[in-house]
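Undergrad: Chain by chain, the residues run as shown.
Number of protein chains: 2
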Amino acid sequence: MPKIDISAVPLRTGSSYPTPHDAPMAGRSSKWLAKAAGLTQFGANLVMLAPGGISSQRHWHEKEDELMIMVSGELVLVEDDGETVMRPGDCAAWKAGVANGHHLVNRTEAEGSFLVVGTDFEDEVCWYSDIDMVVRGDTFTHTDGTPFEEGT
Amino acid sequence: MPKIDISAVPLRTGSSYPTPHDAPMAGRSSKWLAKAAGLTQFGANLVMLAPGGISSQRHWHEKEDELMIMVSGELVLVEDDGETVMRPGDCAAWKAGVANGHHLVNRTEAEGSFLVVGTDFEDEVCWYSDIDMVVRGDTFTHTDGTPFEEGT
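First to last, the sequence lines map onto chains A and B. Positions in the first sequence are counted from 1; adding 442 to them yields this note's numbering. Positions in the second sequence are counted from 1; adding 442 to them yields this note's numbering.
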């Protein structure tokens with residue numbers, strides 16, 4: 443049946459960011475629902491943030507549209523121009539190419555979760571607003587193009 | 443701010459199906475959230491079903507992936523192989539080209555709602571499982587290609 447058995451979808455915790463930018467991601471877990479269902483045209487990830495967790499380093503995408511809907515708990519959406527409290531049913535969207543970095547943070551004592559949908563382009567470029575990092579495709583570098591070195 | 447002001451997004455009620463297939467759609471309303479936010483790479487519609495309402499005529503897409511998450515209430519997902527009750531947080535996905543028609547129906551006395559995400563191809567072909575109808579692009583015909591006539 444097309445209803446997704448969410449309990450059977452693998453739970454992924456943390457991120458692929460280079461050290462030290464991966465450390466703040468320990469409180470984020472996600473389930474890649476669209477991929478689990480065999481979809482290929484967009485991603486749809488259920489993201490769970492533990493207390494203190496963040497959804498990502500604050501970022502914006504050059505090519506990929508994103509949209510999210512809150513599922514449970516209360517999270518704070520942080521962007522260049524301020525903060526917005528997000529509660530179940532609330533939605534936000536980020537049009538590709540708009541250079542306003544965003545992420546969600548959990549400042550409560552309970553888990554918060556949301557579903558985020560986005561396209562996935564192999565030649566995507568994603569910029570990080572608060573740290574010296576950019577990712578082109580799957581390759582993270584400093585913004586001047588120099589590589590991250592293991593453990594630095 | 444990228445948080446979507448859902449109250450300001452136009453409410454669309456009914457459907458563009460030809461008569462008489464539009465009549466069962468009177469209980470469906472939707473808000474096109476992704477379009478309201480300026481996104482172009484996928485659609486994301488918040489769909490509200492009144493008691494007795496249905497989300498669409500039962501259908502499947504040749505080219506477009508779809509995924510939904512329940513937001514409120516209780517709806518029944520109807521497909522070729524049976525029925526599944528859907529409650530808030532439940533998700534379902536339909537991979538393009540799988541010829542298993544689906545829709546959601548509201549058999550309760552309260553509104554039910556969900557967010558549905560899908561790609562939007564101009565040359566899409568969508569087949570209807572229970573009625574003699576197909577849509578190619580924006581053009582509805584009978585499955586033998588003959589047009590619907592006004593008021594028939």
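A few of these clues could be false.
Any copy will do: because identical chains look the same in the list, a pair fits if it lies in one copy or spans two.
Mimicking DSSO-like on lysine-lysine, the simulated pairs with C-alpha atoms at most 30 Å apart in a straight line are [to be verified]:
#1 K537 to K505
#2 K505 to K477
#3 K537 to K445
#4 K445 to K477
If you are wondering where the hints come from, they were derived from the structure by calculation, not from laboratory data.
Undergrad: Starting from the hint list further up, note which numbers the structure goes against and sort them upward.
TA: Violated hints: none; all satisfied.
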